[in-house]
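**Student:** Residue numbers (my numbering), protein chains in the order written: chain A, -1 to 177; chain B, 590 to 904.
Just so you know, the hints here were simulated from the structure itself, not pulled from any lab data. For clarity, every value in this text was computed on a predicted model and none was experimentally measured. Idealized CB from N, CA, C, for every residue including glycine. Any given hint could turn out to be false.
[What the hints assert, rightly or not] Calculated lysine-lysine pairs in the DSS-like style (CA-CA distance at most 27 angstroms, straight line):
id	chain 1	residue 1	chain 2	residue 2
1	B	Lys736	B	Lys653
2	B	Lys623	A	Lys94
3	B	Lys624	A	Lys94
4	B	Lys665	B	Lys676
5	B	Lys665	B	Lys736
6	B	Lys736	A	Lys75
7	A	Lys75	B	Lys671
8	B	Lys653	B	Lys671
9	B	Lys676	A	Lys75
[To be verified] Take a look, some chain A residues computed to stay more than 12 angstroms from chain B by CB distance:
id	residue
10	Glu23
11	Ile54
12	Pro58
13	Pro83
[Said to hold, decoys possible] For each label pair, taking beta carbons as the anchor points, the in silico distance ranges come out as:
id	chain 1	residue 1	chain 2	residue 2	range
14	A	Arg85	B	Asp826	34 to 44 angstroms
15	A	Gln7	B	Gly745	25 to 35 angstroms
16	B	Ser670	A	Lys75	36 to 46 angstroms
17	A	Glu137	B	Asp749	25 to 35 angstroms
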Amino acid sequence: MSARVVLQQADIARALTRISHEILESNRGADDLVLLGIPTRGVLLADRIAGIISEITGTPMEAGSLDVTMYRDDLAKHPTRTPAPTRIPASGIDGKTVILVDDVLYSGRTIRAALDAINDIGRPRAVRLAALVDRGHRELPIRPDYVGKNLPSAQTERINVRLAELDGADLVSIDSAAS
Amino acid sequence: MRHLLSTRDLDQESAVRLLDVAEDMADTQQREVKKLPTLRGKTVVNLFFEDSTRTRISFEAASKRLSADVINFSAKGSSVSKGESLKDTAQTLQAMGADAVVIRHPASGAPQTLATSGWIDAGILNAGDGTHEHPTQALLDAFTIRKRVHGIASRGRNLDGLSVTIVGDILHSRVARSNVWLLTTLGATVTLVAPPTLVPVDTRAWPVTISYDLDEALAAGPDVVMMLRIQGERMRDAFFPNSREYSRRWGLDDGRLHRLDPTTIVMHPGPMNRGLEISAAAADSPMSTVREQVTNGVSVRMAALYLLLSGDREN
């Protein structure tokens, strides 16, 4: 097992700042914008993006979380997953632009589940997707709107995203399984 | 979790986990669309050999909110009244492809038999067996207590430091038994209050204090007072002279209600005998959680079904 660091703390911070600006640019401001992070690390990233957007626009912005466990298509293939709480900002998502935030975009199945979950909560005007890392290997017709880093990878490799709030440091690394 | 048969063999970690999942389920029940696709394609059989309203419809609502298919079976009007054995019934359900069986049975241990016999592969949920256990009722009671005490910060919490007084027909009550085990596992201290005739013969193994005097027990200022139903249908002997005497000595009447600290939680698993074990004023007071218990029952049963049915069930 060998680990290769692909993003350092400064790279992650830069990527999130760029994503925040891109979100504001394409949305023409922060009006009617709802950031929803997908647990666990997507929630932390959504919080950070909300912080950066608040700084840029000068008006406070709050991020929510969207748990997709109940909507997954692979529940029967794994030991029982413990769901995480869903927190939707009080203003709701009806008619808003929802930005889903996840750490790694891979098969696209988590996002499919997230779209179903959103469907049960309300009817946003549009749903966009931001991911810190896009590692490819999509199994569904889903693509991100905002990407921190494109990281072509082999399916045998593992992408590790570590964030200071949870893991003590900001770091993205690739572990290639020694065969 | 493979089956949910009793609270006695539930450790604190799995109990808190189930209550936390129930919080997530409760959140989804606040939405306009209450249905989740989680158990699509699974079949849940409600196998009821005893009368029940709230437990059966609660399990039915929980299954449906998780998109499982529900088959209701009650012994009345079924082949059981023609003398079919539990084994044959179980094998019939197996042949129909049931993924979970929710069973209520007058014989203590019937769910255990179903789970260990090899007659059926489905996950077994005990919805009350004889005078043994009623685990989902105890879990919803614990959930209700935790929610009242800790509010929105209740995730991950146990019931450390809380005192719960359970009053009434302990002898026939599976609710009391399940609560004794679960609440003490979660860190609460439990006191049982009953006429001496309605206390089981041997309670040495129970982690509880037993009292025969309700006023004395209430004067100690418990955080929770749980009133049990007098189970007329299970009483073949005279356990107390008459219902008026019972309600005077062991009922939560208006006088006792007013002497309680206003933060005390008053619970009853239902169905209530108003005026016997609990007065109408006590049942309808803001201290009472009777209706919350019913609402929470659906969330807790959704959590149990989710934990039993969603994962890889090979091991």
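**Student:** Work down the list of hints and note, for each, if the structure agrees.
**Tutor:** Going down the list of hints, with the structure as the test:
Between the alpha carbons of Lys736 (chain B) and Lys653 (chain B) the distance comes to roughly 24 angstroms, so the proposed pair stays at or under 27 angstroms and holds. Distance check on the hinted pair: Lys623 (chain B) and Lys94 (chain A) sit about 21 angstroms apart at the alpha-carbon level, within 27 angstroms; holds. Using a Cα cut-off of 27 angstroms, the hinted pair Lys624 (chain B) and Lys94 (chain A) holds, with the two alpha carbons roughly 23 angstroms apart. Simply put, Lys665 (chain B) and Lys676 (chain B) have alpha-carbon atoms about 17 angstroms apart, close enough for the 27 angstroms limit, and the pair holds.
Only pairs whose Cα atoms come within 27 angstroms are accepted, and Lys665 (chain B) paired with Lys736 (chain B) is rejected, the gap being roughly 37 angstroms. Taken as a hint, the Lys736 (chain B) and Lys75 (chain A) pair is broken in the structure, with Cα atoms around 33 angstroms apart against an allowance of 27 angstroms. About 41 angstroms separates the Cα atoms of Lys75 (chain A) and Lys671 (chain B), which puts this hinted pair outside 27 angstroms; it is violated. For the hint linking Lys653 (chain B) to Lys671 (chain B), the alpha-carbon distance of about 30 angstroms lies beyond 27 angstroms, and the restraint is violated.
A threshold of 27 angstroms between alpha carbons decides the hint, and for Lys676 (chain B) with Lys75 (chain A) the separation of about 30 angstroms lies outside it, so the pair is violated. At the 12 angstroms boundary, the C-beta of Glu23 (chain A) stays outside the reach of chain B, the nearest C-beta of that chain being 33 angstroms off. Under the 12 angstroms C-beta cut-off, the non-interface status given to Ile54 (chain A) relative to chain B holds; the minimum distance is some 31 angstroms. No beta-carbon of chain B comes within 12 angstroms of the beta-carbon of Pro58 (chain A); the shortest separation is about 21 angstroms.
Separation of Pro83 (chain A) from chain B is inadequate, the least Cβ-Cβ distance of about 6 angstroms not exceeding the 12 angstroms criterion. Restraint check, Arg85 (chain A) to Asp826 (chain B): a C-beta distance of roughly 55 angstroms breaks the suggested window 34 to 44 angstroms. Look at Gln7 (chain A) against Gly745 (chain B): about 30 angstroms separates their beta carbons, and that is inside 25 to 35 angstroms. Our hint of 36 to 46 angstroms for Ser670 (chain B) and Lys75 (chain A) holds, since their Cβ atoms are close to 42 angstroms apart.
Remark: the range hint 25 to 35 angstroms for Glu137 (chain A) to Asp749 (chain B) is contradicted by a beta-carbon distance near 46 angstroms.
Comparing the model with each earlier hint shows violations of hints 5, 6, 7, 8, 9, 13, 14 and 17; every other hint is respected.
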